[in-house]
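Asks: Just need the whole structure built from these sequences, with the hints factored in.
Protein chains in written order, with my numbering: chain Z, 1 to 345; chain V, 1 to 236; chain X, 1 to 290.
Hints are not guaranteed to be accurate.
Pairwise CB distance ranges (calculated) [said to hold, decoys possible]:
# : chain 1 : residue 1 : chain 2 : residue 2 : range
1 : Z       : E291      : X       : Q6        : 48 to 54 Å
2 : Z       : T83       : X       : G261      : 16 to 22 Å
3 : X       : Q6        : Z       : L251      : 31 to 37 Å
4 : Z       : V140      : X       : E3        : 23 to 29 Å
5 : V       : I226      : Z       : S2        : 52 to 58 Å
Among the chain X residues that face chain Z by a calculated CB cut under 8 Å, a handful are [claimed, not checked]:
#  : residue
6  : V35
7  : L112
8  : W114
9  : G256
10 : I258
Taking lysine-lysine and the DSS-like style, the derived pairs with C-alpha atoms no more than 25 Å apart in a straight line are [stated by the list, open to error]:
#  : chain 1 : residue 1 : chain 2 : residue 2
11 : V       : K76       : Z       : K111
12 : V       : K221      : V       : K82
13 : V       : K127      : V       : K197
14 : V       : K174      : Z       : K111
15 : V       : K134      : V       : K82
16 : V       : K221      : Z       : K111
Simulated from the structure, these hints should not be mistaken for lab results.
Beta carbons: idealized from backbone N, C-alpha and C, even for Gly.
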Amino acid sequence: MSRLLVSILVALLASVPLWLTDFYYLHVLIVTGIFIVAAMSLNLLLGYTGQLSLGHVAFFGIGAYTSALVSLGFEVHILPDVTVGMAPKPVWFAMLCATAVAGLTGYAIGKLSFRVRGAYFVIVSISFAEVVRLVALNWVELTQGPMALNNIPALTLGFDGFELSFLRKPAFYLLVLTMLVVCYVIIARLVNSRAGRAMIALRENESLAMSVGIDVTRYLVVATVVSAAMAGMAGALYTHYIRIVDPDIFLFIYTVTMVIMVVTGGKGTLAGPIVGGVIFGIVPEVLRGMEIRPEVQWIAYGVLMVLVVYFLPRGIVPAIESYMSSRRRAPKGEAVAVAPEAPQQ
Amino acid sequence: MSAQPETVLSIDQVAVHFGGLVAISDMTFAVRSGEIVGLIGPNGAGKTTAFNVVTGFLKPTSGEVRYRSNPLNGLKPHEIAKLGLVRTFQRTSVFQERNVFQNVLTGLHGRGRSSLWDTLLGTPREKSSERELKDEANEILRFVGLEQRAHEPAGTLPYGEQRLIGVALALAAKPSMLLLDEPVSGMNPSETARFVKLVEKIRESGVTILLVEHDMPMVMKVCDRIVVLNYGRIIA
Amino acid sequence: MGELVQHLLNATILGGTYALLGIGLTLIFGIMRVVNFTHGELYAFGAYCMYALAMLLGVNFFVALVLAMILGAALGAVLEIVLLSRLRGADIDTTMLVMIGAWIVMQNTEQLVWSGVALSIANPFPADPLVMGPLSVSWNRVFVFAAALLLIAGTYHLVNRTRLGKAMRATFQDRDTAALMGIRIDRIHTATFALGSSLAAAAGALLGPVFVVAPTMGDLAASKAFAIVILGGLGSVTGATLGGFILAFVEEIGAGYISSGYRDAMGFLLIILILLVRPTGLFAQKERIG
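Replies: And the structure:
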């Protein structure tokens, strides 16, 4: 896609609050946008480095809890007579903390879990998310456990006299859109750089990557840190939007939703998670409007996922790209080669 | 050869055991600077195993490998590559889904100067470094004769050309010594002849070469010296 | 002291069913290279079969148990033929995604059919526990343990002593050579998946009467099964048996002496700990490079 086209699209999206007055639709767009950011971050790991990480929701949830706790303040007993606590901090600071804490967790997890690959890695990543969920459920003093953290403040920016509040949906929508664009730019720059080439190289052929001097573990950890920080930021956005967070945020099904978005849209493409995210963000709302039971909706998800793997194994975006390039080349009668990545160097 | 050039690679009493199976029992040989040495032997003689040991993909059970007086034992493959000892692979030699140009750019990894922050912030250094890498990639493609193929996905090219990409990738890593694992297997005679010229060109640029090959005429033609490995023992 | 022995006894009894759960999963991975995300749902399926047969249709408890296993095997065979047979040779991530899709469909179908209400299954055993000095254990659990051991022994016999088992082991070692030797890989895969599914269904049918039956019961079972096979090494039947008992002991002791809230986290913590200390210890085999 050309730069111009992208700019027009972003401008169009930015104008949405001007003409879309139904707050319900705006709400759908906000939640979809947040999940697209999470899916984009997952795509960095799943699509570019080729690691099927099924614990991604942990970073999202850690971001959500960190931001909630920093903005609410907390006090916990580490030992019977030792307490650690923090007074409530501004929301923007809490969100930065969330991004940093999720990134640091990504660093630790990356260092630890990339000692194993394949099925082991997948199961370890699931294990990690489960442990975090159980901690959130059981460390009641910190997280309120199943009672959830309530009354999480909304984001406000500015000084005395001039305050910009993100309590209202149009403002929050624009915030989400801004974050989405920022994350997109970061990922686009990363995957088209030296570091990105190293990540793709280890997806394609790890031994070959090592043989030309690429420190595979280093780039896996870099990808995990960036990915985790981004997911943490998305979690922080979510928590200050919904303004309540409970341990269910760590459920495996959310990871699965992100995976479906990435795989359906096209893993390892920049536009893939956006396309997949739009489909799986909007479709459930349409189905809900038709009063279809959530179980049926989930069954449809599952079936769709299987069908995508069978019939569009590379996802929607690469399928469209190869269709377009075959139409362009067809008159010349050339063999059609499928380019795996959208961006050309 | 008149004056003996210095030894660059020395393999000293290396043994590799897989459980009870002895892949290499006691291998000792050396390669001097500027040489082209052929490593030959029957199937299963441990040639590829020897390559894996030298390039850090496999830990030897005992013995020592040194490159330019650096002991290699315990180094990871990418660290050994950074010392200038670079290999090619027998079977999978390319990043299948990337185009030829991107393949070579990936090989140039170690030559880039930009940090992660440069990348994320899009600094001038990022841009100049990328420009240099692209120039260099074009140069390497011309050197191996693949400039026409630059924008085709590597996995769709004929086998012989994929082997060339493998060599281009290895050259991109700026080796002072190149290890070629059966580079002409699957090539037709004219491709092999072209490849022999390429190997000589690489040597002229100052790179020492160790190659494993079954194609004996090719080995006799390019190699200064031959080491025969038989079931893990050096017999000639 | 008595408390500790009681914990150890509980762990042993629990370990039998854990081993049963793990073996089914590890067999499927070892022979087919498929991470079976539907394992927990097959477990739940077994429990629901038990409920439908014994409670709704009034079938004899033990007959229902056998029928649940047979139905589990049949469902497994159908899943394998419909979903996996056309993905032979696909990479592990692809089959994993398909199995995740199947898992979602199965779990929500259960939810749709049975609703989210927990159901309980009556058992024919005496209500009074078996008491031995300071120890006590319910008769139902004694039966579950005995049945689990019997099934494990049966699986060992099948894998190590029969023609089918021999073909399975050959496929496990080298699929291509096995195919060249005239082994019909498709059949082995279907048989393996049916066997693994049947073992999962058996575990569900055995434990359904001990706990309650609910649509999400499969998730917990699946997470335990994953922990068990990682502990024992993916693909190793003996490893899964040991892993089952190890997990049970760690959970029992951890829940008894550290915190019961973290009982279900113990397996995962154990996995992470093993990774920290000895990641290479987990690898079953290394692949050729080059």
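Asks: Which numbered hints turn out to be false for this structure?
Replies: 8, 9, 10, 12, 13, 14 and 16
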